[in-house]
Amino acid sequence: MSAAIQVTNLGYRYHDGTEALRGVSFSVAPGECVGLLGPNGSGKSTLLLHLNGLLPEKPDVAGAVRILGQPVAPDNLETVRRQVGLVFQDPDDQLFCPSVQEDVAFGPQQLGLSEAEVRARVQRALAQAGLAGFGRRATHHLSHGEKRRACLAGVLACEPSILVLDEPTSDLDPRGRREFKALLRQITATKLIATHDLELVVELCSRAIVLDHGAVVADGPTAELLNNEELMLAHGLERPHILRHHHPHGE
Amino acid sequence: MIDDWIGHYHGRRSSPVSRLPAAFKLGLALAMIVGTVLAPPAAVGWFIGMALVLALAVALSRLPLRFLLKRLAWLSPFILSVALVNALQPAVRGSWLAVAVKSTICLLTIIVVSNTTPFSGILRVLKEAHVPGLLITTIALMHRYLFVLAEEAERMRRARASRTFTRERRARWHALSTVVGQLFVRASERAERIYDAMCARGWK
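Residue numbers (the working numbering), protein chains in the order written: chain S, 14 to 264; chain L, 339 to 542.
Next comes chain L alone, as it looks inside the complex (with noise of 0.2 angstroms):
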């Protein structure tokens, strides 16, 4: 389930975009994003380029539409809020569009970036642009073992809720801060044996 949320598209089929040199894709992204970022909300041929740009890669890299959507849908509330606080300052309220604008540009564009590029891919291009050594190794450990946690904050909260046999919002949460508890003492203890079997292989 989880992996509905987070993980890398699976159907994936073969692409031109996903053909294209990783290097070349987190590039473009990044000057994309950057480019975005600092454009000044009246520059509305930036945004259009942007877009089409985007609309480009997202019908060559052959990416299911819906899986888009569903993916900015997960990201979204971070956008609207964001949005939502600028239309609420008197000050600035004119460019909550522009946020919302510039921010949909953005997470699409790494959206399609990284569904279309393999995550060893990305970690291959951070080592070859000299990105500190310690960083990659924790992005690599983070994402391998963020499916972990999930899988095993999946069970927990399965194996709680089998023996819930109320339906009180209070005795929820209560569950429910255990679990993240629970999930917190055991990622440590399991950080210690990932630790330990990196060692056993040589980890200086």
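Next comes chain S alone, as it looks inside the complex (with noise of 0.2 angstroms):
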């Protein structure tokens, strides 16, 4: 079976000439659940938006980015965006609709889907990210929190076998992060999660990868990357919180 998401020495250099990313290679099994960890400015998100297709601007020939075993390239970058559901960091920029359904159904209507299934879709996805009974309300008046749902919502509906969020809890108070973690729980797509926030990457990804200055600098079993604190400090991280606590009644 191919990998969900293969890339391979993936390399990208900004039009100012910084190199965003330096031979950056890694894949993700179906169903995996991965965290992408690294400080400001690592890469992450320019990473993310090379397995949708946004990003190179130019087509690229070799192939480095494959999802599910096929290249995105030019040619497939239709098949590739209905495979991989990309999650932005700023809500704003997701929910480009007047209205909460309206931008749900965005994504179901780019398919060419029926009215009815359309709305189908809406109601499900809107029900999944919690947010049954919002679809009339305007965009702009969410709060941050549900504005976060409401675009989770916008990619469901899209039904994409992998998930890629960026930085899905920054900026969410103590309960929305936690609503947002169980609601991520749910899904069961393939989910590559960028983000600062170690204790949900503890939570749900049994494994991570730690992005600096563009390139890997580790890959492992989440727990075991987590507790190097020298690997952690080295890439502006931390040991978190929960796991330096003992939890004698725990697992």
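Don't take every hint at face value.
In silico lysine to aspartate or glutamate, EDC-like type, Cα no more than 20 angstroms apart, as pairs [said to hold, decoys possible]:
1. K71/S to D534/L
2. K160/S to E490/L
3. K542/L to E70/S
4. K542/L to E172/S
5. K542/L to E91/S
6. K542/L to E128/S
7. K542/L to E530/L
8. K71/S to E489/L
9. K160/S to D534/L
10. K160/S to D186/S
11. K542/L to D88/S
12. K71/S to E45/S
13. K160/S to E489/L
14. K71/S to E32/S
15. K465/L to E128/S
None of these hints come from the bench; they were simulated from the model.
Hints in hand, dock the two standalone chains.
In structure tokens, the structure reads:
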């Protein structure tokens, strides 16, 4: 079976000459949930944009990124975007329709589904994201947590097999964070989550990848990586509190 | 704050006017506006008729009068400037009153319709009227991001103000010009990110 995400020796340089990614290689198996860690500016967001074919601007001929065995290339971008659901960092970038239900319906409409099927998917996605009854609300009047969930609903409505999230819990209050984590746990798709929320990684991801200066510096089981204080501190991270305490009754 | 100026009326109570079909309201508004614009200044009967229709619509819409007047005041510089230009031109001096009346009727019509019809309803009518899709998308995005941009401008203005220690007018103008410039750059970068987000969900 081919990997859900296969990245081989991926490099990227921005117009201003900044080298954002250098020789990045890793693969994610179907159904896996992987945390992507790294300090600010380490290239996490840039990497995620590659998974959806939004970068590079010039078509990639080398096939450095493969989704379910298919190279991300101009002629199959549609297929790739169908399979990979990308949740952006700033909800205001993603919620571009006047009302929640229109925004959630956007993806299914682009897929060319019938009106009835679009409606069914919108209802399903809203319920899944804990936003049942929010359909008619104006997107710009939602709270930040609600906006986050509306973004998730918009992507879930496309029923992707791979879910890629860019800092999904930043700016959320503790309850919002807890609820969002619970939502993510219920989703069975393959997940790649770029985040600074180390507790989320400990709770949801079996594996973590650490990116720094555009290169993969560590890739392994979450507990092993996050318990390595030296590694964490060297790359702008820290050993999360949740791993510092002994839980005699847990596990 | 910005919502006060450009947002819909929030205490949107259900009213006989808000329950009317959007297509009917928009059609009627269009007819009223075109009729008013084309009416000769001497057609006092038409203006009085329109004023009565509007008064009835306002009463049935249950929009607070204060809200309407505030909105009208916010938009009236446009009316007043046109009327003023007319008043200064000897050839059409007599028509400044007509211009003021016409513009007030048109503006009030728009204010009443737009505050009793959800924006998505208006877009749906435009779509049904076969307005080009690209234009509808542009209008929808403009409406959506007007608020985001305005909030961003407000945040920047506040941040600027908290570090502005002079009351000198020149410094304030300078600060304002920086904010406007920054806003432009940020808006164009956001536009790129929005486009990416649209592509990610299959936009072609």
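Hints versus structure:
1. Proximity of K71/S to D534/L is assessed by CA-CA distance (about 15 angstroms); at most 20 angstroms being required, the pair is judged to hold.
2. Restraint check for K160/S and E490/L: the C-alpha separation of about 17 angstroms stays at or below 20 angstroms, so the hint holds.
3. Straight-line distance between C-alpha atoms of K542/L and E70/S comes to about 16 angstroms, which keeps the hinted pair within the 20 angstroms bound.
4. In summary, the hint linking K542/L to E172/S is supported, as the alpha carbons are separated by about 18 angstroms, within the 20 angstroms threshold.
5. A hinted pair counts as satisfied when its Cα atoms are at most 20 angstroms apart, and K542/L with E91/S qualifies at roughly 9 angstroms.
6. Restraint check: the Cα-Cα separation between K542/L and E128/S comes to about 19 angstroms, which is no more than 20 angstroms; the hinted pair holds.
7. Our distance criterion of 20 angstroms between C-alpha atoms is met by K542/L and E530/L, whose separation comes to about 15 angstroms.
8. Pair hint K71/S plus E489/L does not hold up; C-alpha atoms about 35 angstroms apart against a cutoff of 20 angstroms.
9. The straight-line distance between the Cα atoms of K160/S and D534/L is roughly 18 angstroms, inside the 20 angstroms bound, and the hint therefore holds.
10. Under the criterion of a C-alpha separation no larger than 20 angstroms, the hint pairing K160/S with D186/S is consistent with the structure, at around 13 angstroms.
11. In summary, the hint linking K542/L to D88/S is supported, as the alpha carbons are separated by about 13 angstroms, within the 20 angstroms threshold.
12. For the suggested pair K71/S and E45/S, the alpha carbons sit about 30 angstroms apart, so the restraint of at most 20 angstroms is broken.
13. A distance of roughly 16 angstroms separates the Cα atoms of K160/S and E489/L; the hinted pair therefore holds under the 20 angstroms criterion.
14. A threshold of 20 angstroms between alpha carbons decides the hint, and for K71/S with E32/S the separation of about 16 angstroms falls inside it, so the pair holds.
15. For the hint pairing K465/L with E128/S, the CA-to-CA distance comes to about 15 angstroms; that is within 20 angstroms, so the pair holds.
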